[in-house]
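K.L.:
Construct the complete structure from the given sequences, taking the supplied hints into account.
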Amino acid sequence: MSAALLEVSGLTRRFGGLVAVDDMSLALAPGEILGLLGPNGSGKSTVLNLISGALSPDRGSIRLHGHEIASTAPHRIARLGVARTFQLVRVLASLNCRENVLAGLAFGRDRLWGHAAEQRADELLARVGLAGRANTATTELTYIDQKRLELARALALDPQLLLLDEWLAGLNPTELRQGIALVRSLRGEGMTILLVEHVMDAIRSLCDRCVVMNAGRKIAEGSPDAVLADAEVIRAYLGDDDA
Amino acid sequence: MKPLLMLAAGAIAVAILATVPLYANGYQLSLAITLLNYTVLATAWTLFSGPTRYVSLATVAFFGIGAYTVAVLAERMAWPWILLIALAVGVAVALIVGLSTLRLSDVYFVIFTFGLAELIRQIVTWYEVNVTRTLGRYIFVGIDAADIYWQLLALAVLVFAAGILIRRSRLGLALRVIGDDETVARHIGINTTIAKVALFALSAAFMTLCGAVMAPRWTYIDPAIAFNPVISFQVLIMALLGGVHRLYGPLFGVVPLVLLFEFLLARFPNHFSILVGLAFMLIVYAIPQGIVGFVERLLRRKGAAA
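Line order of the protein sequences matches chains A and B.
If you want my numbering, it's the 1-based position in the first sequence plus 32.
If you want my numbering, it's the 1-based position in the second sequence plus 677.
Everything labelled a hint here was simulated from the structure, so no lab data went into it.
Any given hint might turn out to be false.
A few chain A residues that face chain B, going by a derived Cβ cut-off under 8 Å, partial list only [stated by the list, open to error]:
no., residue
1, Arg122
2, Leu124
3, Ala135
4, Trp145
Every residue, glycine too, gets a C-beta built ideally from N, C-alpha and C.
P.N.:
Next up, the structure:
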């Protein structure tokens, strides 16, 4: 696994007496889509927050291309090529769509500014399906369009690793199909993606592998079909009686 | 071409304003100085607090540092050196305070900045009482009202120029992102600490210089005059009334409020504070977007109706 893009091992994070993430390990090969699954409260978002630098781990290591990034400030991690979206969509309300993407371009790996940045911003908006909406206020966007904008902002960082926190949640079937196609096309460009997701259709059609968490620990790992049939996974989601 | 036109209009306005001391009488010049003083302070306040939404009550801390530096150094060296030293002290304090407090959010930051101004006032008072054994200093420098006016005008031009340059820069965008969502800011590669501290220090630099330039107005100052917290509140209320979303917004708060305060102070000297408090509440309740925001919304509604 030395060729891994991201390698997490022994990751532990406590909140007071609660161990939210307990000795977690996972790895992503370049170009892979890994699904991180588990019931609510199992620690998935905390893992994402630890990787993106929003939180510091109590123990364990996170390596990006072999370099330790655990406990690094989030802006440094972003500049190293890790971009993310948020579980509760976070667009920049006082900025218009183009400016939202410009913000990602201006401070990310490329540090684009000026005319070149505006052109790139419009390309990225088109890429996520927001062509021609550059000057639209974010308050006028529908929920899916806000999610698209958030994705465009993340892509503006030109990331090597993209962390999607329930990016496909709350979409209607048509939107979901578009969303899945969009994520798949990103992989086609060589991007590596770690996605936290509950939508089973998305997991089955997108993920190469899945890691399932429960109560902060990894309980299964493998192909989507294999882990979703795993007895312990079913017990984690549905309880003992149904297993 | 529009920016060039704006630049020309600005240059003409400054040229006209520069002639005021040539024909204004004593009272008019004094009023003009007060207007410029608050224009510089409120615009400098907006440079930082407008985009980031960090409400600072430390205005008078820096203003007072500027004024007191002049009181201590007056007659000991040439005027430009005094200004330079005041500037250095103000920026140094701003950097220390910025690095230690800008992690605080919302109301904690407000209260800390208010406490900071009081703390500095108490330290200066303690020093004067226990070390120099005099509370209060006389300032005798060969600087008259017209000189003060011109210096303030130059400072006003600088603060606007700085605001325009920042607005068009990466730093300006960074501050707006921070104001919207600091978590997002950090996750798109913005070093939020550096951005905030840099702007806080720049804003403080203008406030300090403003205090230094204004000091000769008083001939006598003591800590209660130089660090009067009312100044912080007045600057805040003026910026809010004008509107902090535009660089020129505070102007629209400074002019009516300076005139109003002037009137209240002349007519109701004993009830001044109560009336200022009432004005403050009215402004926050009635036009939270400020005059500029209010007018812009009105125009937009009219445009939509037409």
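K.L.:
Now tell me, hint by hint, if it's right for this structure.
P.N.:
Here is what the structure says about each hint:
no., hint, in the structure
1, Arg122, "holds, 5 Å"
2, Leu124, "holds, 4 Å"
3, Ala135, "holds, 5 Å"
4, Trp145, "holds, 6 Å"
In the structure shown, no violation is registered for any of the earlier numbered hints.
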